[in-house]
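K.L.:
Listed below, chain by chain, are the residues.
2 protein chains.
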Amino acid sequence: MVNCSNGGLELAAGDRLLRFPAIWLRDNCPCAECLDPGSGQKLKDITDIPNGLVVSAAEDAGESVLVTYAPDRHVSTFTRSWLAAHALGPADGEDGRTEDDKELWLPADLGPVTGRLPEESWPRYLAEPAARARALGAVLRLGFVLLRDVPPEAGLVLDVAASFGFVRETNYGRLFDVRVEPRPGNLAYTCRQILPHTDNPYRDPVPTVQLLHCLRAADQGGDTGLVDGFAAATALRAADARTFDVLVRTPVPFGYTDSGTELRASQPLIQLSPRGRVRGVRFNHRSARPLRLPYAEVTAFYAAYRRWAELLGRPERQLNLRLAPGDCLVFDNTRILHARTAFAVTGRRHLQGCYADLDGLASTLAVLTRGDDLPRPPREGMARGDEPSSPPRPPREGIRRADRS
Amino acid sequence: MVNCSNGGLELAAGDRLLRFPAIWLRDNCPCAECLDPGSGQKLKDITDIPNGLVVSAAEDAGESVLVTYAPDRHVSTFTRSWLAAHALGPADGEDGRTEDDKELWLPADLGPVTGRLPEESWPRYLAEPAARARALGAVLRLGFVLLRDVPPEAGLVLDVAASFGFVRETNYGRLFDVRVEPRPGNLAYTCRQILPHTDNPYRDPVPTVQLLHCLRAADQGGDTGLVDGFAAATALRAADARTFDVLVRTPVPFGYTDSGTELRASQPLIQLSPRGRVRGVRFNHRSARPLRLPYAEVTAFYAAYRRWAELLGRPERQLNLRLAPGDCLVFDNTRILHARTAFAVTGRRHLQGCYADLDGLASTLAVLTRGDDLPRPPREGMARGDEPSSPPRPPREGIRRADRS
Numbered sequence: 001m002v003n004c005s006n007g008g009l010e011l012a013a014g015d016r017l018l019r020f021p022a023i024w025l026r027d028n029c030p031c032a033e034c035l036d037p038g039s040g041q042k043l044k045d046i047t048d049i050p051n052g053l054v055v056s057a058a059e060d061a062g063e064s065v066l067v068t069y070a071p072d073r074h075v076s077t078f079t080r081s082w083l084a085a086h087a088l089g090p091a092d093g094e095d096g097r098t099e100d101d102k103e104l105w106l107p108a109d110l111g112p113v114t115g116r117l118p119e120e121s122w123p124r125y126l127a128e129p130a131a132r133a134r135a136l137g138a139v140l141r142l143g144f145v146l147l148r149d150v151p152p153e154a155g156l157v158l159d160v161a162a163s164f165g166f167v168r169e170t171n172y173g174r175l176f177d178v179r180v181e182p183r184p185g186n187l188a189y190t191c192r193q194i195l196p197h198t199d200n201p202y203r204d205p206v207p208t209v210q211l212l213h214c215l216r217a218a219d220q221g222g223d224t225g226l227v228d229g230f231a232a233a234t235a236l237r238a239a240d241a242r243t244f245d246v247l248v249r250t251p252v253p254f255g256y257t258d259s260g261t262e263l264r265a266s267q268p269l270i271q272l273s274p275r276g277r278v279r280g281v282r283f284n285h286r287s288a289r290p291l292r293l294p295y296a297e298v299t300a301f302y303a304a305y306r307r308w309a310e311l312l313g314r315p316e317r318q319l320n321l322r323l324a325p326g327d328c329l330v331f332d333n334t335r336i337l338h339a340r341t342a343f344a345v346t347g348r349r350h351l352q353g354c355y356a357d358l359d360g361l362a363s364t365l366a367v368l369t370r371g372d373d374l375p376r377p378p379r380e381g382m383a384r385g386d387e388p389s390s391p392p393r394p395p396r397e398g399i400r401r402a403d404r405s
Numbered sequence: 406m407v408n409c410s411n412g413g414l415e416l417a418a419g420d421r422l423l424r425f426p427a428i429w430l431r432d433n434c435p436c437a438e439c440l441d442p443g444s445g446q447k448l449k450d451i452t453d454i455p456n457g458l459v460v461s462a463a464e465d466a467g468e469s470v471l472v473t474y475a476p477d478r479h480v481s482t483f484t485r486s487w488l489a490a491h492a493l494g495p496a497d498g499e500d501g502r503t504e505d506d507k508e509l510w511l512p513a514d515l516g517p518v519t520g521r522l523p524e525e526s527w528p529r530y531l532a533e534p535a536a537r538a539r540a541l542g543a544v545l546r547l548g549f550v551l552l553r554d555v556p557p558e559a560g561l562v563l564d565v566a567a568s569f570g571f572v573r574e575t576n577y578g579r580l581f582d583v584r585v586e587p588r589p590g591n592l593a594y595t596c597r598q599i600l601p602h603t604d605n606p607y608r609d610p611v612p613t614v615q616l617l618h619c620l621r622a623a624d625q626g627g628d629t630g631l632v633d634g635f636a637a638a639t640a641l642r643a644a645d646a647r648t649f650d651v652l653v654r655t656p657v658p659f660g661y662t663d664s665g666t667e668l669r670a671s672q673p674l675i676q677l678s679p680r681g682r683v684r685g686v687r688f689n690h691r692s693a694r695p696l697r698l699p700y701a702e703v704t705a706f707y708a709a710y711r712r713w714a715e716l717l718g719r720p721e722r723q724l725n726l727r728l729a730p731g732d733c734l735v736f737d738n739t740r741i742l743h744a745r746t747a748f749a750v751t752g753r754r755h756l757q758g759c760y761a762d763l764d765g766l767a768s769t770l771a772v773l774t775r776g777d778d779l780p781r782p783p784r785e786g787m788a789r790g791d792e793p794s795s796p797p798r799p800p801r802e803g804i805r806r807a808d809r810s
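So the protein lines, in turn, are chains A and B.
Take 1 as the starting number for the first sequence in my numbering and just add one per residue.
Take 406 as the starting number for the second sequence in my numbering and just add one per residue.
Don't take every hint at face value.
Said to hold, decoys possible - With the C-beta cut set under 8 Å, the calculated list includes, among others, these residues of chain A facing chain B:
1. Leu158
2. Ser163
3. Pro205
4. Thr224
5. Pro251
6. Thr257
7. Ser273
8. His285
9. Tyr302
Stated by the list, open to error - Simulated restraints on C-beta separations:
10. B:Glu721 - A:Asp109: 55 to 61 Å
11. A:Val180 - B:Val480: 27 to 33 Å
12. B:Arg478 - A:Ala238: 37 to 43 Å
13. A:Asn3 - B:Ser664: 36 to 42 Å
14. A:Arg116 - B:Asp564: 25 to 31 Å
15. A:Val180 - B:Gln598: 21 to 27 Å
16. B:Asn456 - A:Pro294: 34 to 40 Å
17. B:Pro587 - A:Asp109: 51 to 57 Å
18. B:Ser461 - A:Gln220: 50 to 56 Å
19. B:Ala708 - A:Ala154: 19 to 25 Å
20. B:Asp564 - A:Ala84: 50 to 56 Å
21. A:Ala85 - B:Arg621: 43 to 49 Å
22. B:Ser461 - A:Pro294: 42 to 48 Å
Treat the hints as calculated values from the structure; they're not laboratory data.
All C-beta atoms, glycine included, are put in the ideal place defined by N, C-alpha and C.
Using the sequences and the accompanying hints, generate a full structural model.
P.N.:
Here it is in structure tokens:
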């Protein structure tokens with residue numbers, strides 16, 4: 001059943017009745033006049049579409065539906081399957097980056113005991129697209145993956161980044177060495193304990209992916225801890241909505257200064273999407289700068305801040321790992337806080353790190369598991385999307401998909 | 406006058422009475438036990454500070470104030486000038502990236518006629534720190550600067566980016582060529598007109614700075630237009646708050662697809678800071694993907710979207726420039742929309758572009774005009790901030806500072 005109703009389109013799909021407004025249909029018209037066959041980009045501006053557009057006729061043509069618009073008699077051909085796949089409904093319009101598309105965890109869910117630690121061997125990651133897809137999917141879904149057997153050689157962390165995206169170069173260089181320095185410009189370059197934090201909160205845009213590759217471990221200490229900031233934020237909201245509200249609405253100034261650098265950014269410690277869902281955490285006490293808000297807001301903030309810091313610091317929230325030479329952690333720096341224990345200088349602990357971004361990582365995963373949501377004109381010789389570059393990702397039971405492309 | 410009151414500190418500074426809570430003072434204590442002299446980073450976590458902290462004594466010591474806390478008798482020494490400069494009050498805590506720290510413009514304010522077009526010659530930019538500071542300040546304040554006399558040689562756009570920050574490499578490479586291609590993967594690589602838009606809306610984080618360097622102009626057409634998206638957004642809010650509200654709360658899906666890329670991001674067309682101030686615009690019709698919201702939200706969005714597109718497309722909002730070989734535009738891709746007219750293929754118009762980020766640009770400017778907000782311990786031999794690398798920026802009358810470091 002297909003008909004036009006209230007100026008839009010109604011379509012039966014199985015036992016569902018789908019409804020689409022005329023303007024939505026027209027804006028997504030897949031004809032070669034409206035959509036560039038080469039790039040898949042729209043050729044008409046929104047203001048090119050006539051005002052007062054309605055669907056004046058809808059014709060059932062088997063697998064396709066022909067929609068005619070008034071006043072200009074343009075015709076769009078949609079496949080039923082595309083319309084069914086793009087049904088309007090209670091979707092939230094988010095893009096896979098909020099709490100709703102993540103698998104939130106406590107270490108008890110993931111630890112080596114339960115065997116669900118997301119890890120992959122680097123040789124297999126390189127050789128098998130499915131292994132690559134599993135590893136990258138873990139970064140989106142769980143916030144991190146541990147790659148094993150990455151040769152402990154200087155610079156290889158850049159190869160890991162290049163396997164899924166692009167290095168975000170910063171004032172620390174394309175890569176940085178995390179080891180004890182005689183005159184450290186950052187506490188990372190000492191042997192001190194560092195509590196859970198996200199990196200570079202004084203940057204905007206903040207690097208959204210961080211890599212840490214172990215070249216040499218400490219004799220004693222220097223263990224790595226990971227905390228799921230999204231899991232902690234949702235727990236805080238459930239337990240103490242008032243504290244959560246203070247944190248999401250208070251911009252906190254962060255800064256970093258050295259002889260050639262003066263970085264500043266102010267953002268809340270918990271960032272929400274426009275629909276009010278947790279979309280980022282930013283937590284780094286050592287780089288926080290003086291708050292400049294009214295007195296009452298300052299005292300309210302500090303009470304909330306301490307509560308949040310205590311929650312993030314709870315041992316049961318911290319997954320403890322001991323990176324061995326050849327281990328490379330890849331993690332979502334907008335979600336996962338990382339920490340390290342103090343260590344003995346004698347072992348000459350040496351990590352190399354670099355930054356990258358989630359958008360490139362998600363793109364690489366989406367190409368590996370190809371499938372896009374472009375309206376497809378019913379024609380041959382398409383320039384995109386018709387040659388999957390790898391077998392589809394094997395299903396993983398009980399785990400929600402984090403990528404929603 | 407100095408005293409402790411209600412557990413905090415009161416301090417007379419000129420005719421103002423400043424008040425600071427104990428926790429704020431302690432968290433900003435500049436002593437070597439609390440703040441690392443080398444890095445300026447905090448050495449105490451927020452949870453290291455005793456609960457129930459109060460100021461138990463405040464002592465006037467001329468230029469300094471000594472604050473003693475209970476219960477643990479720690480003592481902080483602050484200079485009066487630092488406390489006065491960091492007075493709490495009705496500040497909004499933002500970091501210079503919202504509408505409040507920008508000079509919003511219409512072309513009539515800036516055009517060649519009035520002589521206020523922000524431009525600088527590249528040789529002078531390289532030679533004179535003050536010229537560099539003026540140019541970078543214009544990007545933060547007005548959203549763009551036009552650099553002249555950048556030799557029209559391939560790759561030089563990367564030198565321009567390196568002069569203030571770091572290139573954001575993407576699937577388009579470190580730099581991209583904007584010229585007519587036989588099989589364009591993006592409409593940018595045709596000779597078509599392109600209406601005002603921001604670049605890469607399908608990326609998150611989006612590149613916050615864009616550079617376009619003209620190597621060769623078109624025989625006819627190919628003119629560049631710039632629109633101040635923040636000025637347009639505030640005008641929309643004033644004229645039609647309901648439309649503005651729809652735009653700030655509706656995440657819009659954007660996408661880009663080619664054989665090796667599947668980028669997706671959903672963000673509202675107007676992004677607000679947590680305090681509700683305009684902090685970003687994202688507008689690119691040709692890369693928009695199907696909205697998946699409920700029917701009523703879709704129709705409300707399209708009405709708002711058309712209104713917004715019409716406002717952005719008004720000729721009186723568009724600053725028209727004709728880039729000549731050697732011109733290099735540097736602009737804020739979170740604020741300024743850019744457009745181009747159609748052009749004749751015969752002239753073999755050729756631009757080179759690249760992306761970078763505002764945080765690095767702002768850092769470079771802040772170093773040029775050195776001045777930080779770290780609490781300064783009253784001691785010698787500081788490792789940071791004591792050697793301004795250039796003369797202070799000359800004042801520009803009637804123009805608000807966009808950098809608030």
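K.L.:
All the hints need checking, so say for each whether the structure fits it.
P.N.:
Evaluation of the provided hints:
Interface restraint check for Leu158 (chain A): the shortest CB-CB distance to chain B comes to about 12 Å, outside 8 Å, so the restraint is violated. Hint on Ser163 (chain A) is violated. Least Cβ distance to chain B is approximately 13 Å, over the 8 Å limit. Using the Cβ-Cβ criterion of 8 Å, the hint placing Pro205 (chain A) at the interface with chain B is satisfied: the shortest such distance is roughly 3 Å. Hint status for Thr224 (chain A): violated, given a least beta-carbon distance of 18 Å to chain B, over 8 Å.
With a cut of 8 Å, the hint placing Pro251 (chain A) at the interface with chain B holds, because the nearest CB-to-CB distance is about 4 Å. Because the closest C-beta pair between Thr257 (chain A) and chain B is about 5 Å apart, less than 8 Å, the hint holds. With a least beta-carbon distance of about 7 Å to chain B, the hint placing Ser273 (chain A) at the interface is held under the 8 Å criterion. For the restraint placing His285 (chain A) at the interface with chain B, the shortest Cβ-Cβ distance is roughly 5 Å, inside the 8 Å limit, so the hint holds.
Because the smallest distance between the Cβ of Tyr302 (chain A) and any Cβ of chain B comes to about 4 Å, under 8 Å, the interface hint for this residue holds. Distance hint check for Glu721 (chain B) and Asp109 (chain A): the Cβ-Cβ separation is about 58 Å, which falls inside the suggested range of 55 to 61 Å. Remark: the range hint 27 to 33 Å for Val180 (chain A) to Val480 (chain B) is upheld by a beta-carbon distance near 31 Å. Checked against the hint of 37 to 43 Å, the pair Arg478 (chain B) and Ala238 (chain A) passes, with Cβ atoms roughly 39 Å apart.
For Asn3 (chain A) paired with Ser664 (chain B), a C-beta distance near 39 Å keeps the hint of 36 to 42 Å intact. One distance hint, 25 to 31 Å for the beta-carbon pair Arg116 (chain A) and Asp564 (chain B), is violated here, with the actual separation near 49 Å. Take Val180 (chain A) and Gln598 (chain B): their Cβ atoms lie about 58 Å apart, and the range 21 to 27 Å is violated. Under the hint 34 to 40 Å, the C-beta atoms of Asn456 (chain B) and Pro294 (chain A), about 23 Å apart, miss the expected range.
Range check, Pro587 (chain B) to Asp109 (chain A): about 52 Å between beta-carbon atoms, so the 51 to 57 Å window is met. For the hinted restraint 50 to 56 Å between Ser461 (chain B) and Gln220 (chain A), the CB-CB distance of approximately 40 Å leaves it violated. Distance hint check for Ala708 (chain B) and Ala154 (chain A): the Cβ-Cβ separation is about 57 Å, which falls outside the suggested range of 19 to 25 Å. At roughly 52 Å, the beta carbons of Asp564 (chain B) and Ala84 (chain A) sit within the given window of 50 to 56 Å.
One distance hint, 43 to 49 Å for the beta-carbon pair Ala85 (chain A) and Arg621 (chain B), holds here, with the actual separation near 44 Å. Hint check: Ser461 (chain B) to Pro294 (chain A), Cβ distance near 24 Å, so the stated range 42 to 48 Å is violated.
The structure does not agree with the numbered hints 1, 2, 4, 14, 15, 16, 18, 19, 22 stated previously, though it agrees with the rest.
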